[in-house]
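S.K.: Each chain is listed here by its residues.
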Amino acid sequence: MRDHAYTCKFVLFILLFMGCCNFMNARSQTGTWLVSYAQVTTPPADPDQARAISSILTEARKTFDVDFIYESKILPDVKLVMDVDRFKHVEDFLTELLRPYNLKYKKVLTRAYVIYANSTELRRLMAIVGHGESIPDEILHVRGTKEAPPIVITGRIMDEKAMPLEGVSIIIKGTGRGTTTDKTGSFRLEVPDARSVLLISLVGYQPREVAVGSQTSFQLALVSQSQSLNDVVVVGYGTQKKSVVTGAISSVKSSDLENMPVYRLEQSLQGRTSGLTIAASSGQPGSSSTVRIRGTTSINNSDPLYVVDGVPIDVGGIDYLNQSDIESIEVLKDAASAAIYGARAASGVILVTTKKGKAGVMRLSYNGYYGTQAPARKLHLLNATQYATLRNESSIAGGGGILFSNPASFGKGTDWQDAIFNNDARMQDHELSLNGGGEKSTYYASFGYFDQTGIVASPISYYKRLTARFNTTHKMKSWLTFGENIGYSHIKAQGLGNTNGEYGGPLSSAINLDPLTPLVITDPAILNDTTNIYHTKPVIKDALGRPYAISNYVGQEETNPLAYIQTQQGYGWSDNIVGDAYFEIEPIKGLKLRSDIGTKLAFYGSEGFTPIYYLNGSSSNPTTSFYRENDKGFIYNWENTASYTHNIGQHNITVLVGASAFKQTSSGVSGTYKNMPVTNLNDASLSYSMANTDKIAGGFDNPDHTVSSVFARLTYNFSEKYLFTGVMRRDGSSRFGSDNKYGYFPSASVGWVASHENFWPVNNAVTFLKIRGSYGVTGNDNIGDFKYLSTVSGGRNYTFGNNSYTIGNSPDAPANPALKWEQTWQANAGFDAVLFNDLTVGFDVYEKKTTGMLLAIQLPGYVGATGQPIGNVADMSNKGVELELGYGRKFGEVHVSVRGNVSYLQNRVTSLGQTKYLTGATLASSALELSRTTPGYAIGSFYGFKTLGIFQTQDEISKYLNKNGQMIQPNAKPGDFKWADITGDGQITNDDRTFIGDPTPNWAFGFTASASWRRFDILVFGQGAAGNQIYQGLRRLDIQMANYTTAALSRWTGPGTSNDFPHLVDGDPNGNFSRPSPFYLSNGSYMRIKTLQIGYSLPQFLTDKAGLQKLRLYVSANNLVTFTKYTGFDPEIGGSSYGIDRGIYPQARSFTVGLNVGL
Amino acid sequence: MTATAVLLLNTACKKSFLDVQPKGTTLEGNYYQNPDEAYAGLTAAYNPLGWTVVGTYCPKMVVMNLASDDCYAGGGSASDVQGFQDWNDYKLSSATPNLPGDLWSRNFTGIYRSNVMLEKVAGVPGLSDADKARYIAEMKFLRAYYYFDLVRLFGNVPLILKSLSAGEIYTQVQAKPADVYVQIEKDLKEAIPDLPGTVPSTENGRVTKGAGQALMGKVILFQNNTSRMQEAAGYFEQVNSNPNYHLLQNFPDIFRPDNKFNAESIFEIYHTSAAGKGWGNWPNFDGNVGVQMVGPRGYKGPLYESNASGYGFNPITPQLATVLKGDPRWAYTVADIDSMRKAGAATYDTTGYQNTGYFIQKFAPLAQFEGKVGDIPLNWPNDEIEIRLADTYLMESEALVRGGGDAAKAQYYLDQVRQRVGLTSVPATLDNIYKERRLELATEGHRWFDLVRTGQAATVLAFKGFTANKNELLPIPLSELNNTKLVQNPGYN
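Chains A and B, in that order, are what the protein sequence lines are.
Take the first sequence: its position 772, counted from the start at 1, is 772 in my numbering, and no numbers get skipped.
Take the second sequence: its position 189, counted from the start at 1, is 189 in my numbering, and no numbers get skipped.
By construction, these hints were calculated from the structure, which means they are not laboratory data.
Where hints are given, some of them may not hold.
[To be verified] Taking lysine to aspartate or glutamate pairs in the EDC-like style, the calculated list, with each CA pair at most 20 Å apart, reads:
#	chain 1	residue 1	chain 2	residue 2
1	A	Lys787	B	Glu231
2	A	Lys890	A	Asp875
3	B	Lys91	B	Glu472
4	A	Lys104	A	Glu91
5	B	Lys162	A	Asp812
6	A	Lys787	B	Asp19
7	B	Lys186	B	Asp258
8	B	Lys23	A	Glu431
9	B	Lys23	A	Glu96
10	B	Lys23	A	Asp631
11	B	Lys23	A	Asp701
12	A	Lys695	A	Asp785
13	A	Lys355	A	Asp303
14	A	Lys787	B	Glu472
15	A	Lys916	A	Asp1038
16	A	Lys358	A	Asp303
17	A	Lys663	B	Glu231
18	B	Lys23	A	Asp991
19	A	Lys741	B	Asp19
20	A	Lys106	A	Glu59
21	A	Lys358	A	Glu584
22	B	Lys176	B	Asp149
23	A	Lys787	A	Glu720
24	A	Lys879	A	Glu431
25	A	Lys973	A	Asp1104
[To be verified] Coverage of chain A stretches by chain B, computed from C-beta distances (three or more under 8 Å per stretch; other residues unrestricted):
#	stretch
26	78-89
27	359-370
28	534-546
29	598-605
30	815-824
31	847-861
32	885-891
Note that this is a predicted model, so its numbers are computed, not measured.
Each residue gets a CB set at the ideal place from its N, CA and C atoms; glycine is no exception.
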């Protein structure tokens, strides 16, 4: 029984050193009753038997097999001789021993006695023992009788990537004794015996227990615990432990983003959390993405609210953020979580927290990469011979003549895509950060530089960003904290202008230009002919003075892209300063008062020079003009909160109340100087003295947007088992009508941690299970300014007397003082679980209904209004299911971690008031819209004709009859589409259109798998979407001579040749191509390996020599492979042309090498 | 800290924080603050008078002509402006696109803008009392004018005398036609004293006392109450005896765009070519698009505009041609383009829908008057004369006959109209007066109203498909029935 060796003879609670507060801290950090112990010195083995009281107690502990609990300071500093063995009962022994010193004892557990001097002390000790069930039993019991010599062990603790971890706590289980690792991750510790168990922990990592056994040297890796339930989650105006969160919140931690080639927030989120559908607007460097949290919330604006360190970011966007500075991103998905942001939260809230300094040694780290990018895929377009052949065929079929007598003579012709794509576009990112601090102050500072060149028309497609950040926290007094976070960025970027549009630009031109036209004119016959356009017009020439060729066949906006590039001189820029400063006081324990002022100051603008040029007959510019625009936006957000946390027994209550005021303003001026005597941007300047007629000024003043709010949140849990959160927010917004100036946004959520129940069987299958449910209301105040007021407009003129034309003004429409926010109701149910200790599961099912979406009210004519007032008219619903999984385990020396998520959602517009439908996107080629928003269907569903295959013979046309026996398509020819007569009226009209597809994916998913082995690590990150269609509108149908993709090679050329690609006919009399139909739709599902990264960390003996903490090298491939059936450049099509491919700027495939250095 | 929190709570609760100023937008609440803004508001109330395009083409005269036996719909095909064709064929339904709705919204827009001004005028700083009184009188006249059209065309319309607030929009119900007439008379009665007897030429187009009196007489006449015919005659007499008005010697001079606001014009709707509108301004044209519409299609020849030749609407019916041929007014009323073609003087597209070869001459697109700026079809300067002296002469004649009044005076006014064009006297019977109205006022948009008010419509318009007890009124447009308390007119459900 008493065969354990031990060094610590008594358990001593060094309470005085710790203090209650520290106890609290320890608890809140780890969630369990973790007690610190001081190392107790071994009592002297005194041969003459006079021993310190502590020593006597140590012996008694073994003798009676009990524990004693006391504060060491109460024991008098005396030496006694006492034979413990002579007592039969422990209480007799204690009475004898303690009485002389006026000390008392009390039995507290079956085998423990508290020794105390006064009742205050007893209460304090009892309070601790009251939670005794959490105190590991072994520390209260005597284990052994014999002392064995301690064993010295050494070791090194690293992270998953074999980087040394500093400050890791290593405690001998049951003793409280321990040490921490140094900056090389090394430690040295004496343990009592081989049975000792080491508790290894570091904030942010999953704690581990390791038995010492016969080992004396340890190499251990800690796994970051971003998916762990002990994580702290930012919930808006505070944080919560993940295990007690009742809302649906997804998190992305800095560790998920490290070394990822992401430079915008949307990219950081894409594929990393469930419930988000994110699609890049284009592959243009710097371009934004369409972000939808749980589907499209509104027909008007469904962009989530971004809050960075408490500052709502609106004007100027969020691209100022350096992703390396991000500590965590939280996505508040359900109404219960988001309701604390009230009227701005309907489309979800994205909370970004930037990195703060950590007390301890100063750390300098450098992370950077350098790489090259190339297009992953090009379109297959017809070469010159194929083009000429098909154009001939089409012309003849349309009643025209042969256009090209000898197609084969053209050979392959010009590959316009080759002319604009760059197969070696460079990108680089450098980031240097410094962080550290002491007891009172901590700091984090970083500097970043990012530079990316685009893969299309590189000279006019680039993005450069310079960032700096300074975050500090100062604990001036134990009750007063002051801190600030400041980020600055400078961005300079140029874009193609047309990254997904059919009206010109390099991409659209490369797709549509004929392959017959050469890049440059080299034919002397043309060059020497002084009557042609190359002499008579200001054409653009290359560096060798050769004019860029102008197509004789394809005109309008489609121009020689190399010439076009030279005409695009200009760039956009922005300077953003975003910061907040706060102070927080804690006048009494548990009560925190905080005041935080955040601002965003955004300067942004652009300048550009348009030279004199002639690109083709419809794209020319006769005069130079220089344009400059300077805009400014300012946001301030002042919020004051008071929170009070109180625990009574197992009741844990936190109350938060707060108020905030938000104001946003923006304005700008612009000016154009025409006819400036310069030829390029570099020489242009507003300092030129120009005639007033050559100066054009412009600008804008946006109305201010103000929001004033009060809010409260009650968080309650009983023993972390039964959880409740209630939120109420009241928002007033300058955008609401006078009848509804204030909106109330309540929410409530409950949770039950079933696995904490006593009846929960001890098992390894389900170690944690929390069931959640929530319901709440949020609003969308992104409804424009002054929509509720009646405006007066002109144009209501009349003529009085002598032909004098008189200006008339009148109100447009009645005011709608009832105008208010769009309201979104959302119910959510879900659970979080940990299975088999290694697998975390998060599951949510939700339904959200948006009501009162803004739409013009169809007024009865008798109102007499000229315009239509905006009203809260339309409704929409989204339903969905989300699953997040995380798994991490070590197999021998291989550590494996896999995380994945998948979301399903269904969107339906349920009402548009009296409006039957809203027309969606159009394409140059068709007068009919491609999509409609209609009740009963998903927003922006594709709308068009249904095809029933292709008429193979005239006989089939003759037999396609209506009820009356008349031909439905009397004018069709074999090779034409057979259109479905949806209305059944016996003819094909525009009424025969129906819904043919949906551009929004039903499924979104992502996964990250990583593994490390010794100093090697590998990571795969993939992401994708499914269940959507893409409308491939690449070809300009209004330009008859536009080139085709090679799909046209499989056109119908005779019976049986094709049933899905009709014959080519100039004029397209059957509307085969001009009518929107499933012909243009493709399955838009894709799965993309976004990142594949392999890293190697240098061994310690090398880094030590260099004086470095860590040095890791890696190679990374991004967008390495995309699995999709889609045949266009890129299946990921966000932005304003969502799901419609007009020749989208594809995302690059890149290869980078990177370096992480820690000092 | 707590203090700042309290402070912020105060700030946050202050409503002024949420009341931000608009920039670059004029709010109704900030407008009508000076005489210029009031004048612009007044102008806006006149503006619908000049609409010849509303949702689609809808010149009032053209539309009223095609409804009557003066003209067919015409145009390019049987579906050219569906509403025109449907009315021509008496197949109008609630769902007929544009036409009933266009007439409805033209007048209700005018009423709304008049109502707004009636609410605003009193509070306009700097506007003289005299101007205020005149503005109010003009607005009441216009409101009466617009309602007179509505009650005659639709019968059962909501009577709205103020700008509706959001809460009142969907609660409106139709008033009895009699009540609408009561309101029209009330407005006119109140307006007449404050309307100017004459206006300087710079104010031509603004309402005069004579217009008020003439409209008042007409409004009473249209109510077909024999006991009030003397009252109506009294109003007409005030106009007809007014020395400012006299019949022009030369009949065609009445309609010349270079002879606007002549002595015969009592209420005239101004159209100008000065605005130089283009198609991009649709539908806000200030010229008279109706002129373009009634021109012969594909015309090449003298006199008439050839470049943007007409649309071929309102071809003259054989019915009108038959009764008008031989009348001195024939050549000034009807453009016999087909005869010109046959004579080799001109060519035109004879395949126009319902082409008869006869086109409207009074408002024909004469090349000499075509607009010099903007698109020609949109900038014809021909005014629409809503009320002219020959009309009030004949209406007084009629009122006197129907009310048993001064027969000599009735005879006198009828004779005056005939005498001007060189015709001899005929007895002043109702029949003769009606016949004279038809010939004198042909294609000026009065015929259909006359047929309906005199109960002749069912017979005379039978050839077009007119159904008695139904087609006297237009259907209430479908869009007006959705979500409202309005009910459809009889026969249209």
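S.K.: Hint by hint, say whether it matches the structure.
M.R.: The hints, checked one at a time:
| no. | hint | in the structure |
| --- | --- | --- |
| 1 | A/Lys787 with B/Glu231 | violated, 50 Å |
| 2 | A/Lys890 with A/Asp875 | violated, 50 Å |
| 3 | B/Lys91 with B/Glu472 | holds, 13 Å |
| 4 | A/Lys104 with A/Glu91 | holds, 11 Å |
| 5 | B/Lys162 with A/Asp812 | holds, 15 Å |
| 6 | A/Lys787 with B/Asp19 | holds, 13 Å |
| 7 | B/Lys186 with B/Asp258 | violated, 36 Å |
| 8 | B/Lys23 with A/Glu431 | violated, 42 Å |
| 9 | B/Lys23 with A/Glu96 | violated, 90 Å |
| 10 | B/Lys23 with A/Asp631 | holds, 16 Å |
| 11 | B/Lys23 with A/Asp701 | holds, 6 Å |
| 12 | A/Lys695 with A/Asp785 | violated, 31 Å |
| 13 | A/Lys355 with A/Asp303 | violated, 25 Å |
| 14 | A/Lys787 with B/Glu472 | violated, 42 Å |
| 15 | A/Lys916 with A/Asp1038 | violated, 29 Å |
| 16 | A/Lys358 with A/Asp303 | violated, 34 Å |
| 17 | A/Lys663 with B/Glu231 | violated, 66 Å |
| 18 | B/Lys23 with A/Asp991 | violated, 43 Å |
| 19 | A/Lys741 with B/Asp19 | holds, 10 Å |
| 20 | A/Lys106 with A/Glu59 | holds, 19 Å |
| 21 | A/Lys358 with A/Glu584 | holds, 19 Å |
| 22 | B/Lys176 with B/Asp149 | holds, 15 Å |
| 23 | A/Lys787 with A/Glu720 | violated, 47 Å |
| 24 | A/Lys879 with A/Glu431 | violated, 41 Å |
| 25 | A/Lys973 with A/Asp1104 | violated, 80 Å |
| 26 | 78-89 | violated (count 0) |
| 27 | 359-370 | violated (count 0) |
| 28 | 534-546 | violated (count 0) |
| 29 | 598-605 | violated (count 0) |
| 30 | 815-824 | holds (count 4) |
| 31 | 847-861 | holds (count 4) |
| 32 | 885-891 | violated (count 0) |
The structure is inconsistent with the numbered hints 1, 2, 7, 8, 9, 12, 13, 14, 15, 16, 17, 18, 23, 24, 25, 26, 27, 28, 29 and 32, although it conforms to all the rest.
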